[in-house]
Each structure stands twice: as C-alpha cells, then as structure tokens.
Amino acid sequence: AQSVTQLGSHVSVSEGALVLLRCNYSSSVPPYLFWYVQYPNQGLQLLLKYTSAATLVKGINGFEAEFKKSETSFHLTKPSAHMSDAAEYFCAVTNYNQGGKLIFGQGTELSVKP
Amino acid sequence: DTAVSQTPKYLVTQMGNDKSIKCEQNLGHDTMYWYKQDSKKFLKIMFSYNNKELIINETVPNRFSPKSPDKAHLNLHINSLELGDSAVYFCASSQALAGGPRWTGELFFGEGSRLTVL
Numbered sequence: 001a002q003s004v005t006q007l008g009s010h011v012s013v014s015e016g017a018l019v020l021l022r023c024n025y026s027s028s029v030p031p032y033l034f035w036y037v038q039y040p041n042q043g044l045q046l047l048l049k050y051t052s053a054a055t056l057v058k059g060i061n062g063f064e065a066e067f068k069k070s071e072t073s074f075h076l077t078k079p080s081a082h083m084s085d086a087a088e089y090f091c092a093v094t095n096y097n098q099g100g101k102l103i104f105g106q107g108t109e110l111s112v113k114p
Numbered sequence: 115d116t117a118v119s120q121t122p123k124y125l126v127t128q129m130g131n132d133k134s135i136k137c138e139q140n141l142g143h144d145t146m147y148w149y150k151q152d153s154k155k156f157l158k159i160m161f162s163y164n165n166k167e168l169i170i171n172e173t174v175p176n177r178f179s180p181k182s183p184d185k186a187h188l189n190l191h192i193n194s195l196e197l198g199d200s201a202v203y204f205c206a207s208s209q210a211l212a213g214g215p216r217w218t219g220e221l222f223f224g225e226g227s228r229l230t231v232l
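Sequences listed follow chains A and B, in order. When we follow the numbering used here, the leftmost residue of the first sequence carries the number 1, and every step to the right adds one. When we follow the numbering used here, the leftmost residue of the second sequence carries the number 115, and every step to the right adds one.
By construction, these hints were calculated from the structure, which means they are not laboratory data. Only a predicted model underlies this, so the values are computations on that prediction, with no experimental measurement involved. A couple of the hints might just be wrong.
[To be verified] Computed list of lysine-lysine pairs in DSSO-like fashion (alpha-carbon distance at most 27 Å, straight line):
| # | chain 1 | residue 1 | chain 2 | residue 2 |
| --- | --- | --- | --- | --- |
| 1 | B | Lys150 | B | Lys123 |
| 2 | B | Lys158 | A | Lys68 |
| 3 | A | Lys49 | B | Lys150 |
| 4 | B | Lys136 | B | Lys181 |
| 5 | B | Lys181 | B | Lys123 |
| 6 | B | Lys154 | A | Lys49 |
| 7 | A | Lys69 | B | Lys158 |
| 8 | A | Lys113 | B | Lys154 |
| 9 | B | Lys185 | A | Lys49 |
| 10 | B | Lys158 | B | Lys185 |
| 11 | B | Lys136 | B | Lys154 |
| 12 | A | Lys113 | B | Lys150 |
| 13 | B | Lys155 | A | Lys58 |
| 14 | A | Lys49 | B | Lys158 |
| 15 | A | Lys49 | B | Lys155 |
[To be verified] To give an idea of the chain A side of the interface with chain B (calculated C-beta under 7 Å), a few residues:
| # | residue |
| --- | --- |
| 16 | Tyr32 |
| 17 | Leu46 |
| 18 | Ser52 |
| 19 | Ser80 |
| 20 | Ser84 |
| 21 | Thr94 |
| 22 | Tyr96 |
| 23 | Gly99 |
| 24 | Lys101 |
| 25 | Phe104 |
[Said to hold, decoys possible] Pair ranges (Cβ atoms, derived):
| # | chain 1 | residue 1 | chain 2 | residue 2 | range |
| --- | --- | --- | --- | --- | --- |
| 26 | A | Lys58 | B | Leu197 | 42 to 50 Å |
| 27 | A | His10 | B | Asn131 | 31 to 39 Å |
| 28 | B | Thr230 | A | Lys69 | 37 to 45 Å |
| 29 | A | Ala17 | B | Thr218 | 27 to 35 Å |
| 30 | A | Leu46 | B | Asn176 | 28 to 36 Å |
| 31 | A | Ala17 | B | Leu197 | 39 to 47 Å |
| 32 | A | Leu7 | B | Ala117 | 27 to 35 Å |
Note that CB positions come from ideal geometry on N, CA and C, so glycine has one too.
Build the full structure now, drawing on both the sequences and the hints.
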C-alpha cells in the first residue's frame, strides 16, 4: 500500500528565509509524486510533480522538490519565502495501479513572519 | 472559465436531510473524483468515475451516492445526513484513467463545497 508522511504539521519561517517542507513516501512500485498548495477557502493547486523523469523538479512560484529514492523523500524547498506563500501544503503519491487516486499526506501549514 | 466547478460552495443543513453537490469540468477529461477533507484538513478519496463508469468506491457509507450523467459531470447525493458528514467536499478531474497512455497523474481540483450538518 502507498502512504505519505509529512513531517511537521506547522512550519513557521521569516520572510526571505529558506522554506523546507518534508515529505516521505512509501510505495511498492515507482511512484508519481506531487506537491499541492491550498490557500484559505480555496481548492488545491498543483505546485509541481515528479513522474520518473528528472529528479529535481521545478514548479510554480519558485518552489522545487528533489526525488530521492534512497531516502524515499520528496521534500519541497524555496530559497526565499514571501508572505504570499502562507498556505497549507500537501504532498501526494500515486502510481499506475492505483486507479488514479492520489494518496495525500496530512498537510503542513506554512506561516511566514514579516 | 473555471476548469472544475462545484455548486453550492456552502451548504448548511439539519441532520437527517438529503442534499446534493454538483460538479462539472470543462477540461475534456475522462476521469472525475470526489474527495472529502475533514476538519483536520486530511484529504481522502471517496469515489472516482471514468467516462461515466464507477472505478473507485473507497468504502464510503451507502448514504453517499455518486452519479455521472456524462463524463463532464459527477454529482454527489447524500442521504440522511449525519453530524460526521460535515466537511469540505472536493471534486477533481484527471485527463485519463491511470495506466493509460494519456495519464499524467495530475488532478485538477474544484474550489470545494463546505457542508455543515447541524
């Protein structure tokens, strides 16, 4: 069975500081991995995805993530946080034999202090 | 144009009532989903349909009945509402069924329908 664990339900950084949101996955077959962002009272928006191509994936709004198979990790980073980055972030996993369903992590709330 | 749209956005109702949430996607996708987000923001899949055919039914109580009149629409009807049904329900779509040549894994989400059962 697949699963996703996000370490830290809440992360707080200062504006301009590095953002690091941690995600570890479990999958018996090669995974597809995603990071989604949810702003208050809105739906989920795709930040970036890994689908077995380059292991370093760049997404929107300056975010990137690196797939590390040996560590079963897919951590999300951004060099310099903006106030507008404050939101809930979800890591998710799927693969070809899951019927297309995404398995989500518990979410990490990112706060950005001025 | 909104890619995945849900109505209503907010729904407040009494226990025991029946309610429906509608979803439409204009992306030309084949597959649609319903996810439930609980008060702790945990997202869990409920159902998926591919071209009007039920693909996933994730052990949801049979008070919940999805209906897909065509591949662009997936509605959710809930009978005999309970307090525990209070949540945000998200509709989503994907281009194709998992494993097929057009499948990318990516889901496109609607803005959610917040259901409050009193």
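Verification of the hints:
{"no.": "1", "hint": "Lys150(B) - Lys123(B)", "verdict": "holds, 14 Å"}
{"no.": "2", "hint": "Lys158(B) - Lys68(A)", "verdict": "holds, 25 Å"}
{"no.": "3", "hint": "Lys49(A) - Lys150(B)", "verdict": "holds, 22 Å"}
{"no.": "4", "hint": "Lys136(B) - Lys181(B)", "verdict": "holds, 9 Å"}
{"no.": "5", "hint": "Lys181(B) - Lys123(B)", "verdict": "holds, 19 Å"}
{"no.": "6", "hint": "Lys154(B) - Lys49(A)", "verdict": "holds, 24 Å"}
{"no.": "7", "hint": "Lys69(A) - Lys158(B)", "verdict": "holds, 25 Å"}
{"no.": "8", "hint": "Lys113(A) - Lys154(B)", "verdict": "holds, 23 Å"}
{"no.": "9", "hint": "Lys185(B) - Lys49(A)", "verdict": "holds, 25 Å"}
{"no.": "10", "hint": "Lys158(B) - Lys185(B)", "verdict": "holds, 22 Å"}
{"no.": "11", "hint": "Lys136(B) - Lys154(B)", "verdict": "holds, 24 Å"}
{"no.": "12", "hint": "Lys113(A) - Lys150(B)", "verdict": "violated, 30 Å"}
{"no.": "13", "hint": "Lys155(B) - Lys58(A)", "verdict": "holds, 26 Å"}
{"no.": "14", "hint": "Lys49(A) - Lys158(B)", "verdict": "holds, 19 Å"}
{"no.": "15", "hint": "Lys49(A) - Lys155(B)", "verdict": "holds, 21 Å"}
{"no.": "16", "hint": "Tyr32", "verdict": "holds, 4 Å"}
{"no.": "17", "hint": "Leu46", "verdict": "holds, 6 Å"}
{"no.": "18", "hint": "Ser52", "verdict": "violated, 10 Å"}
{"no.": "19", "hint": "Ser80", "verdict": "violated, 26 Å"}
{"no.": "20", "hint": "Ser84", "verdict": "violated, 18 Å"}
{"no.": "21", "hint": "Thr94", "verdict": "holds, 5 Å"}
{"no.": "22", "hint": "Tyr96", "verdict": "holds, 4 Å"}
{"no.": "23", "hint": "Gly99", "verdict": "holds, 5 Å"}
{"no.": "24", "hint": "Lys101", "verdict": "holds, 5 Å"}
{"no.": "25", "hint": "Phe104", "verdict": "holds, 4 Å"}
{"no.": "26", "hint": "Lys58(A) - Leu197(B): 42 to 50 Å", "verdict": "holds, 44 Å"}
{"no.": "27", "hint": "His10(A) - Asn131(B): 31 to 39 Å", "verdict": "holds, 35 Å"}
{"no.": "28", "hint": "Thr230(B) - Lys69(A): 37 to 45 Å", "verdict": "holds, 43 Å"}
{"no.": "29", "hint": "Ala17(A) - Thr218(B): 27 to 35 Å", "verdict": "holds, 33 Å"}
{"no.": "30", "hint": "Leu46(A) - Asn176(B): 28 to 36 Å", "verdict": "holds, 32 Å"}
{"no.": "31", "hint": "Ala17(A) - Leu197(B): 39 to 47 Å", "verdict": "holds, 41 Å"}
{"no.": "32", "hint": "Leu7(A) - Ala117(B): 27 to 35 Å", "verdict": "holds, 32 Å"}
When held up to the earlier numbered hints, the structure conflicts with 12, 18, 19 and 20 and fits the remainder.
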